[in-house]
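Next come the chains, spelled out residue by residue.
2 protein chains.
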Amino acid sequence: MALIVQKYGGTSVGDIQRIRKVAERVVRTYDKGNDVVIILSAMAGVTDELVRLANEASPSPDKRELDVLLSTGEQTTVALLAMILRSMGYNATSLLGFQADIRTDAQACSARILSIGADRIHDLIKKHQIVVVAGFQGHDENGNITTLGRGGSDTSAVAIAAAINADSCEIYTDVDGIYTTDPNLCDKARKLARISYDEMLEMSSLGTKVLQIRSVEFAKKYNVPVHVRSSFNEEEGTMVVNEDAEMERLVVSGVTCNKDEARITLKKVPDQPGISANIFSPLADAKIQVDMIIQNTRTGGETDLTFTVAKGDFKRAAEISRKVAKEIGAVDVLTGDGIAKVSVVGVGMKNHSGVAATMFSALAKENINIRLISTSEIRISCMIEEKYAELAVRVLHSAFGLDSES
Amino acid sequence: MALIVQKYGGTSVGDIQRIRKVAERVVRTYDKGNDVVIILSAMAGVTDELVRLANEASPSPDKRELDVLLSTGEQTTVALLAMILRSMGYNATSLLGFQADIRTDAQACSARILSIGADRIHDLIKKHQIVVVAGFQGHDENGNITTLGRGGSDTSAVAIAAAINADSCEIYTDVDGIYTTDPNLCDKARKLARISYDEMLEMSSLGTKVLQIRSVEFAKKYNVPVHVRSSFNEEEGTMVVNEDAEMERLVVSGVTCNKDEARITLKKVPDQPGISANIFSPLADAKIQVDMIIQNTRTGGETDLTFTVAKGDFKRAAEISRKVAKEIGAVDVLTGDGIAKVSVVGVGMKNHSGVAATMFSALAKENINIRLISTSEIRISCMIEEKYAELAVRVLHSAFGLDSES
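Going down the list, the sequences are from chains A and B.
For the record, in the first sequence the residue sitting at position 168 is 167 according to numbering that gives the first Met the number 0, with numbers rising by one throughout.
For the record, in the second sequence the residue sitting at position 123 is 122 according to numbering that gives the first Met the number 0, with numbers rising by one throughout.
Treat the hints with care, as some may be off.
When the alpha-carbon atoms are kept at most 30 Å apart in a straight line, the in silico DSBU-like pairs for lysine-lysine are as follows [stated by the list, open to error]:
hint	chain 1	residue 1	chain 2	residue 2
1	A	Lys62	B	Lys125
2	B	Lys31	A	Lys62
3	B	Lys62	B	Lys220
4	B	Lys220	A	Lys62
5	B	Lys190	A	Lys31
6	B	Lys258	B	Lys20
7	A	Lys126	B	Lys62
8	B	Lys62	A	Lys20
9	B	Lys190	A	Lys62
10	A	Lys125	B	Lys62
Derived by calculation from the structure, the hints in this document are not laboratory data.
Keep in mind that this is a model prediction, so the values were computed, not measured.
Work out the full structure, taking the sequences as your base and the hints as a guide.
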């Protein structure tokens, strides 16, 4: 007897047949005597289709109205699942964001959850109802419908699990769990049984798309154990939980690769106080996020400054950089996008020395040149030439003992 | 400067191009200095498609959940119109049923409006916003989403017009207005400039599908002038208003024809007190609505009892009737569905004698046999053989001087 939150993503509810499969799984959990609260995404592709419709209506659709439109996607799936559960003889009730009192800020299209009034959900559970909540949506203090941004249903699920004090939060998706690396890049990738919140945060920000990063932040903040697993089989997936002793024995839990960045170098920047602000403030004003930054001071009071941005922001960032370079007297701007960032992540790094050395020598052995390095407490990232990306992932996966035995 | 409510039906908002046309018309009204509140239906066909999806999910979809699903149709169109209006540089805000505080009873799928909290709409109007309200939907006292049944957006529009004390309520549809009869049956049909609420109620209950009957009841109760007109041209349509002297000069305003009924006759029913209740109570229990009833008492204490029901209820009604006939000792049950009901409607009837005589002799002149007759204060209906329906309509249209001069 437990209170279990289950979240099913877009591919899991892609059509009526699949929603029926979800219903069967929900019922299996309920029939074991558990209370269950289900969070759903929109059917796969529906949100994209609604965005297409909005763009046909307006070149830059009003965000408040876009949220009204987008929220119909989850509204559709929760009604359908509740219908199917009722036709199977179970009591089920759907709740939209405002009905479940998922209160957010007023930032349309990327709202943040402020609070969840759990009373309505608790009332329904007490009446032995299966509660089906629309993910991705909430309402602001003026009663406007808001949405949480891409992948927001994960955040809905974890936030609701925290609000109703659930025993576990299961995220059903189209993959089996969190892997040591992308199985498409490395056939020796292994599914992790457990991963810490902090490692998952690093993996998510490095491009592992299984969980939305804000859902992991929520899970960490409220200590919600998250079970990432497949909706297409019965296997155990990966538990995302607080660090424990076993995790710390492993030096590295995962290797990631991100090819979605491009590089900009300002050559011979005068080495004066405040010069960095001159460069990065205009980028921040243009809402361009800078990822890695490296500065090489030369002799003679000049410095080369290199940084990376998302490929989508590259053109604008390059333009701004050229303008700034002129103003501050830099000699030249070099740009390039044939790069990839490979990273190793692991809470064990905190207690192990030599991780960086192992990483660099593994890459060196394959003659892979490192262009940029950045680190956090539990991560080391290296920028390399894009063509070596897959090789680098495999080499690092093996060097840190992650390869599966099969 | 007036406060104008405009309602656009499903064909008027059938795709983005048509919603753009609606926006242009809205803006023309707004630019003349009027305050405007727009009520929209779902895109034509969308509600049917959602019902199909629900039936795929469940053989008898739960009605509460069906309302959650169906309400997405209007949610989509109001968001799209508001986006388009904003992209044209106008301030517009969409409101869903619960946001406009359209409070209904809890009768899912056929809820009745109980009250409308006009504050939110008034606030937005004060800020010179164009308010775009989702028709067809409301919420009950427990915050459940409800819908008003087929054609419910008309009722939404009239109820909102009453609640905000609008100067007029324009119903934009795919026909030019209310005609003296169906132009498909009679090429001399004329568009009426004005029609009374009571006449419109009779016409709607007789199958004229331009306005939902409950919207006319609302309009009558709150004395809301309703202007039925086409969204595809600029012509004046038909005003539905209180009776006035001019209307009363006309004896008959319209001729209608309904082929959607079938006939059931119980032969030789014992003529005893309470026998009618024995027959009609089981039909009422089965939620079957009986339309016309006629009883011919014979000599010898026996009577033939004939009544009509909608074709959709015919099979069930016939079964029940056969069962009842046995119980009460009726000799036989005859059924038949090749019938049509032609009616003449007009407030002028109240002050004119001889309307029935004119009707019967016009039909007799063409050798059209009358099977059943029923009347109200402003209507006479005759049941005839279906094959004579079109001829009867043309003959009556002409006999009451309704033919257009062209």
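Structure-based check of each hint:
1. Lys62/A <-> Lys125/B: 22 Å, holds
2. Lys31/B <-> Lys62/A: 28 Å, holds
3. Lys62/B <-> Lys220/B: 29 Å, holds
4. Lys220/B <-> Lys62/A: 39 Å, violated
5. Lys190/B <-> Lys31/A: 66 Å, violated
6. Lys258/B <-> Lys20/B: Not OK: Lys258/B and Lys20/B at ~36 Å, beyond 30 Å, violated.
7. Lys126/A <-> Lys62/B: 19 Å, holds
8. Lys62/B <-> Lys20/A: 22 Å, holds
9. Lys190/B <-> Lys62/A: 43 Å, violated
10. Lys125/A <-> Lys62/B: With a Cα-Cα distance of about 22 Å, the restraint between Lys125/A and Lys62/B holds, given a limit of 30 Å.
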